[in-house]
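Novice: Now for the letters of each chain:
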Amino acid sequence: MEETLLDIELKEKEEYIINMGPQHPSTHGVLRLEVCLEGEKVKYLRPHCGYIHRGIEKMSEKLTYPQLLHLTDRMDYLSAHINNEAVALCVENAMEVEVSDRVKYIRTILAELTRIASHQLWWSAFGMDLGALTTFFYGLRDREKILDIFEETTGSRLIQSYITPGGLMGDIHPNFQKRTKEFVKYFRKKLPEYDQLLTGNVIFHERTQGIGIMSKEDAIDYGVTGPPGRASGFHCDIRKIAPYSAYPLVKFNQILFTEGDTFHRYLVRIKEMWESLSIIEQLIDNIPPGETMLSLKAIKAPKGEYYQRVETARGELGVYIVSDGGPLPARIHYRTPNFSNLFVLNKIAQGHKIADLVAISGSLDLVIPDIDR
Amino acid sequence: MTREEMTALVRGKFPDVKLGSNKQFPEFIAAPDQIHSLCTALKEDAQTKMDYLFCETAADRKDGFHLVYHLTSSALGHCVMLRTVLTDKAKPEVETVGGIWMAAEFYEREIFDLFGIQFAHHPDLRRIFLDDDWVGYPLRKDYKDSFTLEH
Amino acid sequence: MYDFSPLVDSFSHFFTETFSPFWAGLFSMLTLGVAILLFYAVIGLYLVYAERKICARMQNRLGPNRVGPLGLFQTIADLIKLLLKELIYIRRADALLFNMAPFIVIVASIMAIGSIPFAKGLQAIDLNIGVLYILAISSMGVIGILIAGWSSNNKYSVIGAMRSGAQVISYELSLGLALLCMITFAGSMQLSEIIKSQQDGWWIFKGHLPALIAFGVYLIAGTAETNRGPFDLAEAESELTAGFHTEYSGIKFAFFFLAEYMNMFIVASIATTVFLGGWLPFHIYHFEFFNKGMDFVPPVFWFFGKTAFVIYVMMWFKWTFPRLRIDQLLALEWKYLLPINIINLLVISFLTLMQWHF
Amino acid sequence: MALLTTIKEIRKYFRDIFSGVASLINGMKVTGGYFIRPGEIVTQKYPENRDQLKMMERFKGELVMLHDENNQHGCVACLTCERKCPNGSIELTTERVQGEDGRSKRVLVKYIYHLEMCTFCGLCVQACDEHAIVFSQEFEHAVFDKRGLTKQLNKPGSTARHKPEPEPEAKTA
Chain A
1 MEETLLDIEL KEKEEYIINM GPQHPSTHGV LRLEVCLEGE KVKYLRPHCG YIHRGIEKMS
61 EKLTYPQLLH LTDRMDYLSA HINNEAVALC VENAMEVEVS DRVKYIRTIL AELTRIASHQ
121 LWWSAFGMDL GALTTFFYGL RDREKILDIF EETTGSRLIQ SYITPGGLMG DIHPNFQKRT
181 KEFVKYFRKK LPEYDQLLTG NVIFHERTQG IGIMSKEDAI DYGVTGPPGR ASGFHCDIRK
241 IAPYSAYPLV KFNQILFTEG DTFHRYLVRI KEMWESLSII EQLIDNIPPG ETMLSLKAIK
301 APKGEYYQRV ETARGELGVY IVSDGGPLPA RIHYRTPNFS NLFVLNKIAQ GHKIADLVAI
361 SGSLDLVIPD IDR
Chain B
1001 MTREEMTALV RGKFPDVKLG SNKQFPEFIA APDQIHSLCT ALKEDAQTKM DYLFCETAAD
1061 RKDGFHLVYH LTSSALGHCV MLRTVLTDKA KPEVETVGGI WMAAEFYERE IFDLFGIQFA
1121 HHPDLRRIFL DDDWVGYPLR KDYKDSFTLE H
Chain C
2001 MYDFSPLVDS FSHFFTETFS PFWAGLFSML TLGVAILLFY AVIGLYLVYA ERKICARMQN
2061 RLGPNRVGPL GLFQTIADLI KLLLKELIYI RRADALLFNM APFIVIVASI MAIGSIPFAK
2121 GLQAIDLNIG VLYILAISSM GVIGILIAGW SSNNKYSVIG AMRSGAQVIS YELSLGLALL
2181 CMITFAGSMQ LSEIIKSQQD GWWIFKGHLP ALIAFGVYLI AGTAETNRGP FDLAEAESEL
2241 TAGFHTEYSG IKFAFFFLAE YMNMFIVASI ATTVFLGGWL PFHIYHFEFF NKGMDFVPPV
2301 FWFFGKTAFV IYVMMWFKWT FPRLRIDQLL ALEWKYLLPI NIINLLVISF LTLMQWHF
Chain D
3001 MALLTTIKEI RKYFRDIFSG VASLINGMKV TGGYFIRPGE IVTQKYPENR DQLKMMERFK
3061 GELVMLHDEN NQHGCVACLT CERKCPNGSI ELTTERVQGE DGRSKRVLVK YIYHLEMCTF
3121 CGLCVQACDE HAIVFSQEFE HAVFDKRGLT KQLNKPGSTA RHKPEPEPEA KTA
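Chains as they are written, first to last, in our numbering: chain A, 1 to 373; chain B, 1001 to 1151; chain C, 2001 to 2358; chain D, 3001 to 3173.
No lab work stands behind these hints: they were computed from the structure.
Be aware that one or more of the hints could be misleading.
Claimed, not checked - With beta-carbon atoms standing in for the labels, derived distance ranges:
#1 C:Leu2007 x D:Gly3039: 45 to 51 Å
#2 D:Thr3005 x C:Pro2339: 16 to 22 Å
#3 B:Gly1020 x D:Lys3054: 52 to 58 Å
#4 A:Pro302 x D:Asp3068: 42 to 48 Å
#5 B:Arg1003 x D:Gly3033: 55 to 61 Å
#6 D:Gly3033 x C:Met2100: 41 to 47 Å
#7 C:Leu2087 x D:Gly3148: 35 to 41 Å
#8 A:Arg188 x D:Leu3003: 48 to 54 Å
#9 D:Leu3115 x C:Met2100: 51 to 57 Å
#10 D:Asn3026 x C:Thr2031: 47 to 53 Å
Stated by the list, open to error - Taking lysine-lysine pairs in the DSSO-like style, the calculated list, with each CA pair at most 30 Å apart, reads:
#11 B:Lys1089 x A:Lys303
#12 A:Lys240 x B:Lys1023
#13 C:Lys2206 x D:Lys3029
#14 A:Lys62 x B:Lys1062
#15 B:Lys1062 x B:Lys1141
#16 B:Lys1141 x B:Lys1089
#17 A:Lys297 x D:Lys3105
Note that beta-carbon positions come from the ideal geometry of N, C-alpha and C, so glycine has one too.
Generate the whole structure from the sequences, applying the supplied hints.
Specialist: And the structure:
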């Protein structure tokens, strides 16, 4: 590798640099953080990504629109449904068709289930980052119930490929509503346990409160969206700003805090799980009958450029399609939330201890394939 | 702010800026040497306050590289789309907007990595995803390597 | 009722009568050493197993269940695996120190076992400064950890070792003071004497609230002393990968691993001896029938039962709490535990002076 | 005044300790509660419970071609699945034969499925109008040799099921 100016500068200063990653328990994937330390304090850090860059945008140029699903699934694999929904909505907007209410309802319910599942996994992993090892199993235990719902309806647990341009790959399973209601009831009982175990814990408070404070200006400047952005007071919930699917029909609160520290990033997600549960409850009994797939001759966007924003579990996902009118897109760009969320780390982790760096990067909830694409 | 108001405002300040045809967002097409001042104006004008750059990307089109900026205002909620066309495909270069929005710094690194567009005055223009010794810019339409399949 | 001293005496008689004094001494030492080593291995392995089972149950899992019935031989299989594994040598590591560190750690914990009274007469050496000896020996382990971290030539290891050094040095204080409280009550540093002073009731009951506070402080400090639970900063898996033993493999890693569990056992057994009456059975005042029944349970069971309880509490800590940060760890010690401890010691001295304890 | 603040500080100090310890005990209640009553054990003893293990009916295990009792499948070799597949995991070998009515017809020779490349998106099954291919619930895909993952889906000697010919009117319309 070529030595950059910065590297030479570092050598002259003889700084204590450690590489967190690409294989490190706290980076949850193949991300490398080059951390410069002073004692235990982080002086600055440089993220290095691209370890699992797969060139999804290049591959997308060779695929038809329905075929895009299996790639978008694999960007942010914890929000697979929502990623698919983004592409589907973008293509539907381009074709100027509208799916039936049934599809909208089902998409929204699936998206909210995905959000809960993603936050559960995050909660588990965040506890692990802080050294509370039991949270991991409780979170995954409850997540398993959602994955069962997904498996029953879509046939897959993680990478579902279910929401497609024009509707859904198939109708929901007859058990879907019953199971989802059971889950909501179950999880409403389990969620207070999460608070009991971690949220109220004095050590947890000490570890997270006032750590990694991100101001609202920084959040907007760096484009930090999703729960980290909302913890800083950035009004960035696409479900509110530009409602899509069935979101205009439901009542829910956008969780906003102004503190912007690790603890409030945590709190946003915990409260979002409650909101998601209430969204699901509002929709699950009222799924209207209707077609699940529009009968379209060919799914292709007319000539032009289209942009669709959706809110994944981690922030704003944008799909930018440039079409020449053919069956293949001329260019697809995915504005992924984690890509923007990652780079603020250098700003907010400076001056904190290395243990806090783990907590902060955990609270940003980075999914590495989503950064690298 | 409606589309008409936005158009009037931008055209008032930058008469050279052409109007794009995008239906979703008001679209303005500026010359490469104008884009930086246009962005600054949009961010600093009290009526627009475009403080959030939510997407910056490029596309390889027939007439050159299209650089597309999607802006919105976190307070006022309106969006705008800017476009600049770099016709010189051999040596595309444009002024960075990283000084205006921090987010742009990293989007531009990505664009540089995959399209090879040079951003002048960028503080840290390195490859972000690919290896430092990678040859070529994969998202260009004429890019070929040993993995490219002929259809 | 169950006195092991005749048994032990008969052994030493056998040695002194059969061999010359030199050989007798050597043989008795060897027997003792082998016995302690065996005990060490078995207890260490089964503590690992117990921890895995306990945390599994807390986490709605089954835990080890493949090797042997209920997975009982899992840790033995693990040990065999570790024995067979390659020992990795780091090129730029300090070879001598690197190889020495695990032995320092494990020797420190083996030596401490020698003075623990398991039952009446079942004690390798009954020093008259037993508590002091154990404190001194168990703090030797940190030297091993420091050496391990330093000599591995790994940046994570150094951070882990430095954390561990700061941590153990601070918590030694609380540990010592908490024990000092009880020594004040008992009036002796000899472990057998301390147990004898609890014939009419364990110190945790006799010593009113101060003894309870001292017990709490001891538990916290002891957990910190063993680098476990919420105080496992030296290893801090999510921050430092494995901390000071990142570069160790095979049996050397197993030494660190075993030593951690044995240190836990030692801390728990000291707590048992000093606070919970050692091998003495549980008695209720003026409830002779019950007391007689309790007396029938052999003292070894009492000792290990109480130790197991303390170990369970320490495991419970570990599997519930998030890890502290290094500065919070030190703040907890110097701002909370130490002042509380000193005041507690004052109160206890006063109580002892006035003879107000039972 | 100074005394008052000192007293306040001291009260806060002790309040911190008590609330801290209370929160810790609160957390220990959860784990301790599960220790006493574990409730549902999530661990599955996998190879032993193979018999009870039943995947969901829609589970996308691997692609199979349905054959009836006459060893006939429904594939009409229209190649839609091959075209729909995003990563080329389906390869069809077809040949033209003379049909009974004299018109040349495409029939299936080999239906090759590359399990190692499949991403289980389900586009092929959705696209198949004949319902000739479905996903099975098989999930144990591990093999020792990579070549074992390339499968021929039509059984040897199987033939295409005859479909009632479409009405001539419908064809012209």
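Novice: Holds or violated: are the alpha carbons of Lys1141 (chain B) and Lys1089 (chain B) at most 30 Å from each other?
Specialist: It holds: about 11 Å lies between the C-alpha atoms, which stays within 30 Å.
Novice: Given the range 45 to 51 Å, decide if the beta-carbon distance of Leu2007 (chain C) to Gly3039 (chain D) lies inside it.
Specialist: Since the Cβ atoms of Leu2007 (chain C) and Gly3039 (chain D) sit about 47 Å apart, the hinted range of 45 to 51 Å holds.
Novice: Per the hint of 55 to 61 Å, is the separation of the Cβ atoms of Arg1003 (chain B) and Gly3033 (chain D) within bounds?
Specialist: 59 Å, holds
Novice: Just to be sure I understand the hint, the distance between the Cβ atoms of Gly3033 (chain D) and Met2100 (chain C) should be within 41 to 47 Å; is that true here?
Specialist: 45 Å, holds
Novice: Do Leu2087 (chain C) and Gly3148 (chain D) keep their Cβ atoms within the hinted range of 35 to 41 Å?
Specialist: Roughly 38 Å apart at Cβ, these two residues keep to the hinted range, so it holds.
Novice: Holds or violated: are the alpha carbons of Lys1089 (chain B) and Lys303 (chain A) at most 30 Å from each other?
Specialist: 23 Å, holds
Novice: Just tell me: holds or violated, for the beta carbon distance of Gly1020 (chain B) and Lys3054 (chain D) against 52 to 58 Å?
Specialist: This hint holds: roughly 56 Å between Cβ atoms.
Novice: Do the beta carbons of Pro302 (chain A) and Asp3068 (chain D) sit within 42 to 48 Å of each other?
Specialist: 44 Å, holds
Novice: With a cut-off of 30 Å on the C-alpha distance, tell me whether Lys62 (chain A) and Lys1062 (chain B) pass.
Specialist: 18 Å, holds
Novice: Has the given pair, Lys240 (chain A) with Lys1023 (chain B), been kept, meaning a C-alpha gap of at most 30 Å?
Specialist: 21 Å, holds
Novice: Looking only at beta-carbon atoms, does the pair Thr3005 (chain D), Pro2339 (chain C) fall within the given range of 16 to 22 Å?
Specialist: 19 Å, holds
Novice: State, for the Cβ atoms of Asn3026 (chain D) and Thr2031 (chain C), whether the hinted interval 47 to 53 Å holds or is violated.
Specialist: Roughly 50 Å apart at Cβ, these two residues keep to the hinted range, so it holds.
Going through the hint list in order, the structure satisfies each hint without exception.
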